[in-house]
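> Given the sequences, and given the hints that come with them, work out the whole structure.
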Amino acid sequence: MAVRMGFVIITSRCIDCDACMVACRSENDAPIGHTRNWVKSSGVQGQFPKVREVFQPGNCMHCENPPCVAVCPTGASQKREDGIVIVENSKCIGCKYCIVACPYDARFANPETGKADKCTLCWHRLEQGLEPACVQTCLGKSRQAGDMNDPASIVSQLIAKYPTRVLLKHVGTGPNIYYIDEAVPEIPKGK
Amino acid sequence: MSKVYTWDQLFSRRKFIKGAVATAALGATGVGALAPKSTLGLDSSAQTTGQDTKYVTTICEQCVWRCGVIAKVKNGVIKTLEGNPNHPNNLGKLCPRGNAGVEAMYSPDRIKFPLIRAGARGSGLWRKASWDEALSYTADQMKKIKDKYGAKAMMLNSTDNLSQPFFESLLKAYGTPNYGTQRSLCFNSMTTGFLYTYGNPQPGTDYSRCKYMIFTGRNLAEGISNNETQELIEMVAKGVKVVVLDPRFSKTASKATEWLPVRPGTDSAFFLAMIHVILAEKLYDEAFVNKYTQGFEELVTEVQEYTPEWAEKKCEIAASTIQRIAREFAAAAPAVIAHPNWRTSNFVNSFQTERSIAVLNALMGNWAQPGGLIPDQEMNTAKLGVLSHPPFPAAQGIRLDGVPWKYPLVPLAYGVIQTMRDNILSGKPYQAKGWLISRQNPVLSIPERQKTINALMKLDFVAVIDIQASDTAYYADVILPESYYLERYDGLVTIKNKIFIRQPVIEPLYDTKSSLMIYKELAEKLGLGEFLPYKDEVDLLTQQLKPFPVKLEDLKRDGHYEVENFKEDHSRDFEFQTSSGKVEISSSIMAQMGKKAVPTWDEPPRPEEGHYYLLTGKTAQHTQMFTQNNRWLLEVFPVNHAWLHTSIAQKIGVKSEDDVVIESDVGKVIIKAYVTEGIRPDCIFMVGGFGHVSKGLKSAYGRGASDSALHKTVTDPISGGSALSETFVTVRKA
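Taken in order, these protein sequences are the chains called A and B. Going left to right, the first sequence walks through residues 0 to 190 as numbering that gives the first Met the number 0 numbers them. Going left to right, the second sequence walks through residues 0 to 733 as numbering that gives the first Met the number 0 numbers them.
Since the hints were derived computationally from the structure, they do not count as laboratory data. Quick reminder that beta carbons are idealized off the backbone N, C-alpha and C, glycines included. Please note: incorrect hints may appear among the correct ones.
Heads up, incomplete: computed chain B residues facing chain A, CB under 10 Å, no partners named [unchecked claim]:
hint	residue
1	E81
2	G91
3	A99
4	T251
5	S253
6	K254
Listed below in C-alpha cells is the structure:
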C-alpha cells in the first residue's frame, strides 16, 4: 500500500509548553511573526472551581483532499506520493489562494520569500531517518508522526487502540491529524 | 577618553547585520528549498549532512537544569539544538527555552566587548574597553575597597552557574563573607524544612513508581525541569493520582486528577489536618516511626486540635476532602509523595508548611522506598579531580545578609539576598561599598525594585558579568561580557556515574570570555591567581578529569563519560544527618532556639476588603528574568498578564487585554488583564520576569510589568525565604 504520512496528537499528554513551536521555528527558519505549527487552548472552561482546560497542538493536516492543492493555479501546492502536502517554491507565485482555501489556517505568506509557507512534515528529516522536529522534542510524546497505512507504525497502532477524532470532518478534506483525547499510558513501539 | 556610545549606537541592528556574516547566513537558508520528490535532496541546502556539517554535544544554559544538548553546526553557524538522548536530565527532549538557545546566541543585543560606564550610573552611556583595561579597572576598585574598608565591604553574587565552585574560590580568596546567592527568593523554606527534618535539604522523588502525589508549589508543567516534567506527564498518563494545591489553575493543575484552590498561606493547615487524620486513624507506618524518628508523641499532642473541620476554615478546602485525601494517601503508602516542592505559598509560615510536608512523608515511611523520597544522591556521584591551592584566608566580619546573626538557621550557602540589599541601604552593621555580580539580575529578582536600584546607586563600585545587558548590568560601572553557553567551557558536571561537559560549539563570535577565565584573570589582577590554579579551561578540565581513565578529547567527542564499575552505595540511606541522627518530627534545633519543635500552625495575614493576594510564578516559555529578550520565546509568550477572576473583572469593568493598574504598598504597575475562572477571586496572579528596565534588552524593554516593582520585602525569620505572597494589592481599570 502507498505510504500515507500523517500525525497522531494525544491531547492528554500536551502541557502547552510550546517546545514544538520553537523547535519548528529553529528547524525550518520560520520568520518572526509567523508559525508553521501551534498549540491552541480551549481556554479555562466551566466555573471556579470546577474548571478544565485542554490543549490541542496542530499544524498542516496533510489532507487526503487538500483544498490548497485544488486552488493552486500553478501546481506549486501539491501532494506528494507519500501524502505530504508541500509548496514547490519555484512554482509559487505568491497569489495566496491556498492560504485562503485552507480551513485549518495552516499556511501563511512568508514575507522573506514571498511564497506560501507551511509544515512540510520535516520531510528533509524523515529522509535522514529522523522524526519531525516537533515530534522529536515533545516532552509529553503528545506528537507522533508516521505512515498511517503501515499497521506497525506508532500512529497506526495508536489509531487502532484509541478513539480518535479529526478537525472539521464535515468539510471533507480528509485531514491526516488524528487526535486522541483520552489517557495513553504507553506509547507503542514502532516507527 | 574614547568615544561615548548609547546602547542604540553600540548595538544597532543595521550595524550588527553588516558585521556578522553568521546571522545573515542563518536567515537565508531553509524555506526556499522545498522541491517535489523527484528532486529531493538536490537543492536542499539546509539538510545535507556533508562534511561542512558537524554535531557537538554540550549542556544547555537556558535555565539551571543543565540538559544535554546536541548542536548542529553548518558552515560555522549553529543551526539547531536537539536534546541529547544520553542525558538523564532531559532524555533527548528540549523545552521551548532549550530549543530557543540559537536565537540568543545570534541576538543583536549580546554584549560584544567589555564596557565601562561613560556617564552617570544608569544613564546608558558606555565606552568600549579592552579586557585588560576592564579587568584592571575592576581589580583596582576591588583592591581600593579592601584596603580602605576591608574585604567585607565587597559583595560577590552568583547563583548555580556551572563554574560556581570557581566563583566561590574567588570570593574566599578575596576574603569577604558576603556571598549572595538568590536562593532565598526561591526555595529556602523547602531546603531548611527538609534539612531540619531529614538532615537532607533536597531529597529526590521517585516519580516513576509513585502511586499518589501531592504538589503544593511545584508546577512542573510551567516551571519545567525537563525530565521531571516528563515524569509528571507519564504519571498523569498512567492514571496515578496527582493532587495539586494552588490558588491558581496552573497547567499542572489542568493535568492533575484533582485541583484544590487553597487559600494562599494556608497549605500547612491542609497538611496538619492530614496528619491529624492519619494519627487519629492510625494510618502511619508505625515501624518506621518507631525506628527512625523522634518527637512522635509531641506531634500527637500538637495536631490534636488541627481537625479537618478546623483546617477547612483556614484553607477553604472541604473537611471531607482533606479526610478523604489523607485516607487515600495513607492507603497507597509507601509509594506516595507529598512533594517537597520548590516554593510553597511564599509566606513567613512556609517553613512550617515545609516541615509539615516533611513530617507527613515520614509518617508514610516512604524514605528510600520505591515511589517515595530518595536519599541524598551526593554520595553516589562520581568525584571529580580537585585543584590544590593554598588555604583560603579567614573571612573577616559578619555578613550583611544577617546569616547567622539574624537568621541562625539559614545555611551560609543559601543566604538571604533581600536582607543583603536592605543593609546596603541601611549601612548596618557596616556600609557595603562594592558589588561583583555574575549572571544574576537582582534589580528584577528582589522585591521592591526601586530599593535595589537605590542600593546600586549608593555603592562606590558595581561590576557585572553577563551575556546581555540585564537590568542590573544597566546600572553597573563595568560589564565583563561572558561568552554564550554555546561558545564556552564551564566546570565539568557529574550526575551519578556520568560526567558531562559544556564545551564551545563554535568559537566566540565576539570579544568575550568564559566566566572560568574572567574569574581567573580577575583573581590574577588581584594578586590571588594561586587560588584558581589553572592555565586555561582545557587545563582545568584536564585536572578535573584526572581520576578517570579518559582523555578530554574523548569526553568532548562523546559529550559524556561513564565511570566504569561504579557502585551505588545505599548503606547509609538511613543515617540521617540531624542532631539526633533520626528523622526529626520534633526538631532539636528549633527546641534549642526555644521555638515550637514540631510543625505548628502560624496564622498568616490576609488582605483587607478591596485588596488581593498577589501571586507570582513561572511560565514554560521563559526562565525567571533571563529570557524575555529572546524573540523566539516572545513569539510563544510575548507578555505577562494579570490574572483576574471573572467576578473581580466584572466589578471593576474590565475584560481580557484591557489595561489594569495594580498597586501595592511599595509600587504600582500597569498590565493587561487576563480574565478567567481559573483563579481564586481573592487572588491576582502574574508571571514574573517581565517589565525590564534595561534599554540594552531591546526586545524585552517595556514589555509587561515586573512583580519586583510590587513585591514587599517580607522575610521568614527561620528559613530566610522571601515571603513574596504577603504582598496585597488593589486593582482598578487603567
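> Tell me the hint numbers this structure goes against, listed in increasing order.
none
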